[in-house]
Structures are given as C-alpha cells and as structure tokens.
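Engineer: Letter by letter, the chains look like this.
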Amino acid sequence: MRTHVLPLAMLLALVGCSSDPGGGGGGAPGVTDTEIVVGTHMPLTGPASAGYSQIAPATKAYFDFVNAAGGVHGRKITLKVKDDGYNPANTQQVVRELVLQDRVFAILNGLGTPTHTGVLDFLNSQRVPDLFVASGSRSWDQPGKYPGTFGFNPDYTVEGKILGWYVQRNLPGKKVCFLGQDDDFGRDSLAGVTRVLGDAGVAVKQTYTTSVTNVGPQVDAFKSGACEVVVLATVPGFTALTIGTAARQGFRPQWIVSNVGGDYGTLSKSLGDAAPLLEGMLGANYLPAAAAASDPWVRLFQRINTQFNAGAPFDGNTIYGMSVGYLFVQVLQAAGRDLTRESLIEAVEKGGYTGPGLGPLRFSADDHSGYGGLRMTRVTGTVQDYFGPTYETDSEAGPVTEYPVAPPAPPANGVPAA
Amino acid sequence: MRRYAATLGAAGALLGLTYLLPAFQNYQLATVAAYLCATAGLTVLTGQCGQLSLGHGALMATGAYTVALMQSAVGSLPLSLAAGVAVTTAAGAVIGLAAARLRGPYLAGVTLAVAVVVPGITTMFDDVLGGDQGRTFYLAPPPFGYDFPFERWQAWIALTAALLTMLLLGNLTASRYGRAFRAVRDDEVAARLCGIHVARTQILAFVVSAAAAGLGGGVLAVLALSVSPGAFSLTLSLFLVMAIVVGGLGSLAGAVWGAILLVALPDLTARVTEVFALPPALAQRLEGNLPLAVFGITLIVVMILAPGGIQGLVRRARSLLPPVPSVNRGR
Numbered sequence: 001m002r003t004h005v006l007p008l009a010m011l012l013a014l015v016g017c018s019s020d021p022g023g024g025g026g027g028a029p030g031v032t033d034t035e036i037v038v039g040t041h042m043p044l045t046g047p048a049s050a051g052y053s054q055i056a057p058a059t060k061a062y063f064d065f066v067n068a069a070g071g072v073h074g075r076k077i078t079l080k081v082k083d084d085g086y087n088p089a090n091t092q093q094v095v096r097e098l099v100l101q102d103r104v105f106a107i108l109n110g111l112g113t114p115t116h117t118g119v120l121d122f123l124n125s126q127r128v129p130d131l132f133v134a135s136g137s138r139s140w141d142q143p144g145k146y147p148g149t150f151g152f153n154p155d156y157t158v159e160g161k162i163l164g165w166y167v168q169r170n171l172p173g174k175k176v177c178f179l180g181q182d183d184d185f186g187r188d189s190l191a192g193v194t195r196v197l198g199d200a201g202v203a204v205k206q207t208y209t210t211s212v213t214n215v216g217p218q219v220d221a222f223k224s225g226a227c228e229v230v231v232l233a234t235v236p237g238f239t240a241l242t243i244g245t246a247a248r249q250g251f252r253p254q255w256i257v258s259n260v261g262g263d264y265g266t267l268s269k270s271l272g273d274a275a276p277l278l279e280g281m282l283g284a285n286y287l288p289a290a291a292a293a294s295d296p297w298v299r300l301f302q303r304i305n306t307q308f309n310a311g312a313p314f315d316g317n318t319i320y321g322m323s324v325g326y327l328f329v330q331v332l333q334a335a336g337r338d339l340t341r342e343s344l345i346e347a348v349e350k351g352g353y354t355g356p357g358l359g360p361l362r363f364s365a366d367d368h369s370g371y372g373g374l375r376m377t378r379v380t381g382t383v384q385d386y387f388g389p390t391y392e393t394d395s396e397a398g399p400v401t402e403y404p405v406a407p408p409a410p411p412a413n414g415v416p417a418a
Numbered sequence: 001m002r003r004y005a006a007t008l009g010a011a012g013a014l015l016g017l018t019y020l021l022p023a024f025q026n027y028q029l030a031t032v033a034a035y036l037c038a039t040a041g042l043t044v045l046t047g048q049c050g051q052l053s054l055g056h057g058a059l060m061a062t063g064a065y066t067v068a069l070m071q072s073a074v075g076s077l078p079l080s081l082a083a084g085v086a087v088t089t090a091a092g093a094v095i096g097l098a099a100a101r102l103r104g105p106y107l108a109g110v111t112l113a114v115a116v117v118v119p120g121i122t123t124m125f126d127d128v129l130g131g132d133q134g135r136t137f138y139l140a141p142p143p144f145g146y147d148f149p150f151e152r153w154q155a156w157i158a159l160t161a162a163l164l165t166m167l168l169l170g171n172l173t174a175s176r177y178g179r180a181f182r183a184v185r186d187d188e189v190a191a192r193l194c195g196i197h198v199a200r201t202q203i204l205a206f207v208v209s210a211a212a213a214g215l216g217g218g219v220l221a222v223l224a225l226s227v228s229p230g231a232f233s234l235t236l237s238l239f240l241v242m243a244i245v246v247g248g249l250g251s252l253a254g255a256v257w258g259a260i261l262l263v264a265l266p267d268l269t270a271r272v273t274e275v276f277a278l279p280p281a282l283a284q285r286l287e288g289n290l291p292l293a294v295f296g297i298t299l300i301v302v303m304i305l306a307p308g309g310i311q312g313l314v315r316r317a318r319s320l321l322p323p324v325p326s327v328n329r330g331r
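For the record, the sequence lines run as chains H and V.
The numbering of the first sequence is our numbering, which starts it at 1 and goes up by one.
The numbering of the second sequence is our numbering, which starts it at 1 and goes up by one.
FYI, nobody ran anything at the bench for these hints, they're computed from the structure.
Positions of the beta carbon are idealized from the N, C-alpha and C atoms, including for glycine.
Hints should not be assumed to be uniformly reliable.
Below, a sample of chain H positions facing chain V; criterion: calculated Cβ distance under 8 Å [what the hints assert, rightly or not]:
no., residue
1, N87
2, P88
3, N90
4, Q92
5, R96
6, E97
7, L100
8, P114
9, T117
10, D121
11, F122
12, D183
13, D184
14, T209
15, T210
16, S211
Please take these sequences and the hints and turn them into a complete structure.
Structural biologist: Written out as structure tokens, the structure is:
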C-alpha cells in the first residue's frame, strides 16, 4: 500500500505548484487597465477545420489592427484560441481551461453547434458572457435560460426558410432533397426548409455525422430518388465531400448550400482540380462577398489582412472573423470605460448595431439571435457573388420579406467610434 | 488493515488538497481520478491477469452514457453511478465470456472491435443517445449551497470513486483471486495444474476491470456534465493501454502514474507549443496531433530506458536509498 502513497504525494507536489494567474487589477476577470483577455474554441484540426481554422486568426488580426490604433478605452484586446477539433468532449476541456485557468473576460465566437451546445450550462453557471457564437443554432437565443449567450449567424431555420422560399419561386416543380448534419444544425435547417415547402416538399432527407467521412450511401439515396435540387446543411469539408462523391457517381443536381458550408474559396481549395464542379452552386450569405473588390468593407478587411494576418488567403472565413471582431469592438465601445461582465451584456442588449452584414442585427433584451437576413449567392465562372434582394424572416411561421436597408460604409479609420 | 489506513490517509490529504487548489486544477485532479478508475481496472486485467484489452474506452463510454441517461430519468447521482457500474459489469461479462476463449492478438482484435463499434452505436440510436452532439444532463448543485465551488464538489465525487476503486482492487489483488490472476498470467498450464479454473479467473478479471472502467466513464461524464462519442474514441482506448504501460505495468501505483500522464501530457505539450512562438500554420497543425506524438515518443523512450515504467524507476530509486526499517517490510 505504501507504494500507492508515493505517486499520490508526487501528484500533490505536481499540481500544487501549478501557477494561478489570478484576476488582475480590474473589477472583472480578464480585464485590467491595459488589457482585455477573451477566449474562443475553434476546430483548428479535425473534420471541420477546413476553412474554419482561418476564422480566429482573422478576428485576431482585426484586434491587432484596433490595438495598433490605441485599443478600446486604452485597453488592448487579446484573443486566446483553443483547438477543440470539433469534438464536444475537447470543447468541455478547453472552455474550462479558458474560464477557470486563463480567466478570460468572455468567450467570443466559440464555433460549432454540437461543440458549443455542451458548454452552454457551464458558461451560464460561471456567468461568463458568451458572445456571438459561430453557429446558427436556435439554442443561443434563449435569454431566459442563457442570459449571457448571443448568436451571430442568422439562425439555420431562418436560412432554411429563405432557401426554401427561393426554391419554391425559382425552381418550381423540381424534386427537392436535403442533406443535413446529424445535430441541431441539420435539424434546424431542415425545419426551415419544410416550413416553406411542407414536409412532403422534401422528397429524400439524409443526415451525416462528422465522424464518418463517407457520404456515398446518402448520395446514392439522392440519385435513386431522382433528386433535382439538393439543399446541403453541411460544414465545408462535407460540402466538398458530397459534391465530389456525387460527381464520381455521375450525379449533378442543383446544389444549394448553407452559408456555413458554402464559401467558394474554402470549397475550391478542398476540391482542388475538381473545383469546376462548384459552377452554378447556389447559396445564401449575409456578409460581403470576398470577390466584391469594390466593397469598402472588403477593401478595409483586405488591408488589415495584408498588414496583420501575414497576407493569409482572403476568403469568406477572413471576412467572417473580422466582422465578428468589428462587432465585438463596437460592443466594447458601447459598454464604456467601466467594463464589467454586466455592462458588456447590457451593451449588447441595447442593440442598434450595424456593420458589414446585409441583414438586420437583432439584439435586444428578449432577442439574442444575431443576424436576421440573408441574400442569395451564385458561383459563376469561379466567382461567388450575390444576386437579387436581401431577405429577412423569423424562425417561426412569419413571412419571408425583402430587407431594403444597405449596410453603412465603414468608419474612415476602420475602428468603430465610442 | 494497513490498506485501509493508507486509503484514509490519502483521502485526508486529497481533501486538504481540494481546498488549496484553484478551480481548474481541481477539475484536472478530478479528471485524473476518473481516469485512475479505468487505468487501475486495466492494470488488474492486463498487468496482473495478462489479458490485453483495447476496448476499455468503449467500456468507459458504456458507463458514461448510462449515467447520462439515468441522470436525465431519475436524477440521483449515487443511483446513476451504480447503474453505470452495473450496466458496464454486464457488458464486461459478455465480452469476458468471449475473451476467455481467445488469446493474445485475437483478444486484442475483439476488444478493438468493441472500441470501434460502441461510438457508432451513439449515431445509430441518435434520438436517445444524441449522435455526435451527445447528451447533456443536469447535476444537482453541491449540498453545501450554491457558493460552494462546483469543481471542488466534482473533485470529491471523482476522488471518492477513485479511492474506492483503488481500495477494492488492492484488496482483490492481495487476495487468493489476485494470486490466481498472476498464476494465470505467468503460466496457464501450471495454474491449471494447481487447480485454478483459468477461464473463470480470466472472466472475473475482465468483469472487475470492466466495472472499474464503467465507474471511471460515469465519473468522466459527471465532470463534463455531458457525454459524446468523441470523448470515448479508439484513441482513448489506446491511450489507456499506453498509460498503464508507461506508468508501470502490473502494480496499481503504475495506474496512478498513468492516470496523471493522461491529463498532464496533453496539457504540457500545449504549454510547450505556446512557449515556442511557432508560425501560426505550423502551430495549428501541431496543436491537435502533438499530444499523440508526445505520448508515443514517451512510450518508446520509457520502454527503452525503464521497461518497468515510471513505477519501476521509483522502485529502483528507492532501492538505492538506505532501507527504512519498519516500513520496508512489504508483502
């Protein structure tokens, strides 16, 4: 028995001497007079890392740009990025590390529906602001249950309704089918599509899990079901996989891809020589198109990307990451010099934010959902660009309507004013 | 008697420790304790009885999912953990029956299949088990009020489970069953000649070891307040085997080292990558794979330099010290 005590004693010594960084000088954890530390979890590796691994570096680059211009109320923003490999078990671990050990002020843009769902209760119990989750699950919009959690993406049901609405009007009489991720992402999206087309309006419904990298059976089901239009609620790696697999089986339907898995830059890189398969692919988005070189937001972000992100490939993920950074800086400016977790949440709920996004940003005390509208995109000759108007709707039975307000130009210095 | 005294002593020391440690270290300590249940069980099976299992991660999953489902249905933690152990024991008995007829690589193959199949089951019954997303569940706050640190409470739960496991397994291996385990491991024919029922002994070892893994998995679920197949991948099963080998095969103390390594190594490698300012692209690529590589390299280095594992090194170091008269009279 004596032999068991020794390792225990060593364990005491080992963990006992670990350092505790402590809270710092300010009132809230992660906030000092000169710094704000926030954290995020992202799939830097694993099945969902394609494209997504570039989001956090882009957000960081935007913060570096703001820091170089003096920061927010004299504070520099530091973003700690942890890799969770899109594995909910890892997310549990790294988010606890960020909150309990690194004492971050807030979690910003934690990515993934299955991954982030698992840490909602933990973040709520620790009263950590959980801002702008990188997923369109409806779970983020529960102000009563999770008062500190706010979405960013339009929710997947809103998106599904808009995609379904487009199909109904522009591809009438076609046989519509659906492939979704086997979690709230796929389910919420399908709920939106069927809300418009009816349950019978979607002929073949299939799901996939990210742990199985083979979608042959699903593609088979679409082919034998004579599908003409396939709506994909898939992460980029699986969008590319599905389109590639279908082409190998000689199946070429009209693809309509959710914004989270439809970025042309990411997909063409994954598909390599097979990138021409993306020609004609439809999708929806709500942030400036990477190809829109004359858009003032794209020009701003490109400049920041060159200067602060080592000129990394510029695509939808870069724009997404920087847009999140811009919104966070806006919220920090609004929260004022006396920054606490409460004042931050109040600032988000005050709402009224605009930025690069096309749809309305819906933040209020009883709406934590994020962007509420999207615009259709199409790939034409390797360029993915918008067409038609921006649409908005809700995740219930509300109608799909046009949203005529154009986004404002960015501030001259690229940093939102207080 | 000394075993009970040592357990009580360890319990006291660990209780004190949970008051000294900040929240995240308490969480890590609890994670070590959860893994310890599994590595201790695997040590009894592999180190003492000579059967290799590559499926203990899946047995942990069995315990974890049972706890999650029971917590959602009934909500009593002791009951949930007991159910987790019971279900895993039953699963262990089934696999153990097959295992007793198989040797070496064939046994490894069957348990490997278990490790591969179990995560797949979560996808097949995704309306109950939640697919890749898994399930979250509710755990009542500590009975000492809402202000009591939740991580300390979790550490207490996990440490209680680990100490109980160590005590029971310690008693078992010191008993005539333990001697039968070692006899079967060393020479089955000789064991049979001594009147030991080999198959029965092997099944017992498998069942006991499965029960411990189930408890460990259940505790792991309690720490995360959720279960998902990603937590119990094939990698975990392989990690468990590597951990007990590096820790020191055959002694329960080695299982403690193994459990510590399972938590410490990924953490240390992450810290090392933070210290060296690597180019972002390389750091990204290393981040997820480095702990695996470091674990593999550690395994190779330890096997070359210290075939007895860490506990073997400790034993050797202790033999160099002058003997302490009263304590040094072991078994």
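Engineer: State for each hint whether it applies.
Structural biologist: Hint-by-hint comparison with the structure:
The criterion of a C-beta within 8 Å of any C-beta in chain V is met by N87 of chain H, whose closest approach is roughly 4 Å, and the hint holds. For the restraint placing P88 of chain H at the interface with chain V, the shortest Cβ-Cβ distance is roughly 4 Å, inside the 8 Å limit, so the hint holds. Look at N90 of chain H: its Cβ gets to within about 7 Å of chain V, closer than 8 Å, so that hint holds up. At its closest, the beta carbon of Q92 of chain H sits 4 Å from a beta carbon of chain V; the interface hint therefore holds under the 8 Å criterion.
Because the smallest distance between the Cβ of R96 of chain H and any Cβ of chain V comes to about 6 Å, under 8 Å, the interface hint for this residue holds. At about 6 Å, the closest approach between the beta carbon of E97 of chain H and any beta carbon in chain V falls short of 8 Å, and the interface hint on this residue holds. With a cut of 8 Å, the hint placing L100 of chain H at the interface with chain V holds, because the nearest CB-to-CB distance is about 4 Å. Taken as an interface hint, P114 of chain H checks out: its beta carbon lies about 4 Å from the nearest beta carbon of chain V, inside 8 Å.
Hint status for T117 of chain H: holds, given a least beta-carbon distance of 6 Å to chain V, under 8 Å. Interface hint at D121 of chain H: satisfied, since its Cβ lies 6 Å from the closest Cβ of chain V, which is below the 8 Å cut-off. A least Cβ separation of about 7 Å between F122 of chain H and chain V falls short of the 8 Å threshold, and the interface hint therefore holds. Checking D183 of chain H against chain V by beta carbon gives a least distance of about 4 Å; that is within 8 Å, so the hint holds.
Given the 8 Å rule on beta carbons, the hint for D184 of chain H holds: about 7 Å separates it from the nearest Cβ of chain V. Contact between T209 of chain H and chain V, as hinted, is supported at the beta carbon level, the nearest pair being about 5 Å apart and thus within 8 Å. At its closest, the beta carbon of T210 of chain H sits 6 Å from a beta carbon of chain V; the interface hint therefore holds under the 8 Å criterion. The beta carbon of S211 of chain H is positioned within 8 Å of a beta carbon in chain V (closest approach about 6 Å), and the interface hint is therefore held.
In summary, the structure agrees with every hint in the numbered list given earlier.
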